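Asker: Each chain, letter by letter, is given below.
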Amino acid sequence: MIEHSPEIRRRAQEHFERSQQASNAFTDRLFSVLMLVQWAGSVGAALWFSPSTWEGARSSVHPHVWWALCLGGALALMPVALTLLRPGSLTTRLVIAAAQSCFSALLIHLTGGRIETHFHVFGSLAFLAFYR
Amino acid sequence: MWSRQPGGSTSAPAVLPASLQSYQTSGRPTLLVAVHPRCPCSRATVANLERAFCAPQRRCPIVAFVYAPQDHAAGWSDTDLVDRLATLPGLSMVVDPGGAAAAGLGMSTSGHVVLYDRDGRLAFTGGVTPSRGEEGDCLALDALIDALAPGDKPAAAQSGAVSASVFGCPLCNDTNPPGCSPVAEGRR
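Chains as they are written, first to last, in the working numbering: chain A, 1 to 132; chain B, 1001 to 1188.
By construction, these hints were calculated from the structure, which means they are not laboratory data.
Here the structure is a predicted model, which is why all the values come from computation and not from measurement.
Think of the CB as a built atom: it goes at the ideal place given N, C-alpha and C, for glycine as much as any other residue.
Keep in mind that the hints are not guaranteed to be accurate.
From the derived model, a few chain B residues whose C-beta atoms are all more than 10 Å from chain A [claimed, not checked]:
(1) 1003
(2) 1043
(3) 1053
(4) 1057
(5) 1074
(6) 1082
(7) 1083
(8) 1084
(9) 1120
(10) 1149
(11) 1171
Under 7 Å between C-beta atoms, here's a sample of chain A residues computed to sit facing chain B [claimed, not checked]:
(12) 50
(13) 53
(14) 54
(15) 55
(16) 112
(17) 123
(18) 126
(19) 129
Distance windows between CB atoms, simulated [said to hold, decoys possible]:
(20) A:85 / B:1093: 51 to 61 Å
(21) A:121 / B:1087: 23 to 33 Å
(22) B:1139 / A:122: 41 to 51 Å
(23) B:1078 / A:89: 20 to 30 Å
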């Protein structure tokens, strides 16, 4: 077995940490784009499935549209902000993972609990399992 | 929370009204449902009714009261929800201007279902979804399916009619005629 000098080990460790940080930051950016896409998707789903609520002949904007805009916006913008401010940090990854889980719940709710939307959970779990 | 806030309803007649007995089929229950054609929440009601009627032995005459405004334009009620509703087996559709006919049967919220057993006695009244716009299994749907099952002793004869909360858009507002009251007693 080759014994490296302490200097080489230190430089290797530094190189590994820089590479890992760059990889984490790149993945955070990918997830940030996904968050914005999911936000747009949740607003689109709300407008498609339940644009209006009715009371007799009167209609008004359905609460789902506001939830998609406001809750979806909060879920998307927090990770995006952290990605810009603290790329690659543990906090950013944890917030992104939590937001991704919450997006599954939001999309399931907006589509009326459809079975098909539950596959968003399974897809998210697969990506989050690699994203640690 | 908004999605779990039940809509209003009043007491349904204890027996099938004479005006609806022409829809009754011998030995089968009769199901009435009120629907606002543009209520997105009621898609879940139709989906759950499809589940209830997927078994041929549960099928029975269905009378759907489709809300329309008093002065509605032609085609106001032609929506994908009504098209889907029309695919339920044994369904007769009644356009209900102002929701007055449904209100007379205790139904003032879209998605309200009233079931009369084969003897014409009230067996079930209420919604069949777990919350607004959410389809899937729930106690109310199970109760409706139990009441639909043929050969069983009528639910009304056992322990009275089952009632459940209704989740959907109100059929009435303050511009509706008398008989279609937007304020109604709540249910559990």
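Asker: Against this structure, judge whether each hint is valid.
Answerer: Tested hints:
The Cβ of residue 1003 (chain B) does not lie farther than 10 Å from every Cβ of chain A; its closest approach is about 8 Å, which violates its non-interface assignment. Residue placement check: residue 1043 (chain B) does not keep its beta carbon more than 10 Å from all beta carbons of chain A (closest about 7 Å). Look at residue 1053 (chain B): its CB is around 19 Å from the nearest CB on chain A, clear of 10 Å, so calling it non-interface holds up. A cut-off of 10 Å between C-beta atoms confirms that residue 1057 (chain B) is not in contact with chain A; the least separation is 25 Å.
Under the 10 Å C-beta cut-off, the non-interface status given to residue 1074 (chain B) relative to chain A holds; the minimum distance is some 15 Å. Distance to chain A confirms residue 1082 (chain B) as a non-interface residue, since its nearest Cβ pair spans about 14 Å, more than 10 Å. Distance check on residue 1083 (chain B): its Cβ is at least 16 Å (rounded) from any Cβ of chain A, clearing the 10 Å threshold; non-interface status holds. For residue 1084 (chain B), the non-interface assignment is confirmed: its Cβ lies about 13 Å from the closest Cβ of chain A, beyond the 10 Å cut-off.
For residue 1120 (chain B), the condition that its CB be more than 10 Å from all CB atoms of chain A holds, with the nearest at approximately 30 Å. In this structure residue 1149 (chain B) is separated from chain A by more than 10 Å, as the shortest Cβ-Cβ distance comes to about 25 Å. Listed as outside the interface, residue 1171 (chain B) is inconsistent with that label: its C-beta sits roughly 6 Å from the nearest C-beta of chain A, within the 10 Å cut-off. The criterion of a C-beta within 7 Å of any C-beta in chain B is met by residue 50 (chain A), whose closest approach is roughly 4 Å, and the hint holds.
Residue-level restraint check for residue 53 (chain A) holds (minimum Cβ-Cβ distance to chain B is 6 Å; threshold 7 Å). The interface hint given for residue 54 (chain A) is met, as the beta carbon of that residue sits about 4 Å from the closest beta carbon of chain B, less than 7 Å. Given the 7 Å rule on beta carbons, the hint for residue 55 (chain A) holds: about 5 Å separates it from the nearest Cβ of chain B. Against a cut-off of 7 Å between C-beta atoms, the interface hint on residue 112 (chain A) holds, since the closest Cβ of chain B lies about 5 Å away.
The interface hint given for residue 123 (chain A) is violated, since its Cβ lies 21 Å from the closest Cβ of chain B, which is over the 7 Å cut-off. With a least beta-carbon distance of about 24 Å to chain B, the hint placing residue 126 (chain A) at the interface is violated under the 7 Å criterion. For residue 129 (chain A), the suggested interface contact is broken, since its CB lies about 27 Å from the closest CB of chain B, more than 7 Å. Remark: the range hint 51 to 61 Å for residue 85 (chain A) to residue 1093 (chain B) is upheld by a beta-carbon distance near 58 Å.
At about 30 Å, the beta-carbon gap between residue 121 (chain A) and residue 1087 (chain B) stays in the expected band of 23 to 33 Å. In this structure, residue 1139 (chain B) and residue 122 (chain A) break the distance hint of 41 to 51 Å, their C-beta atoms being roughly 28 Å apart. With their beta carbons about 55 Å apart, residue 1078 (chain B) and residue 89 (chain A) fall outside the hinted range of 20 to 30 Å.
The structure does not agree with the numbered hints 1, 2, 11, 17, 18, 19, 22, 23 stated previously, though it agrees with the rest.
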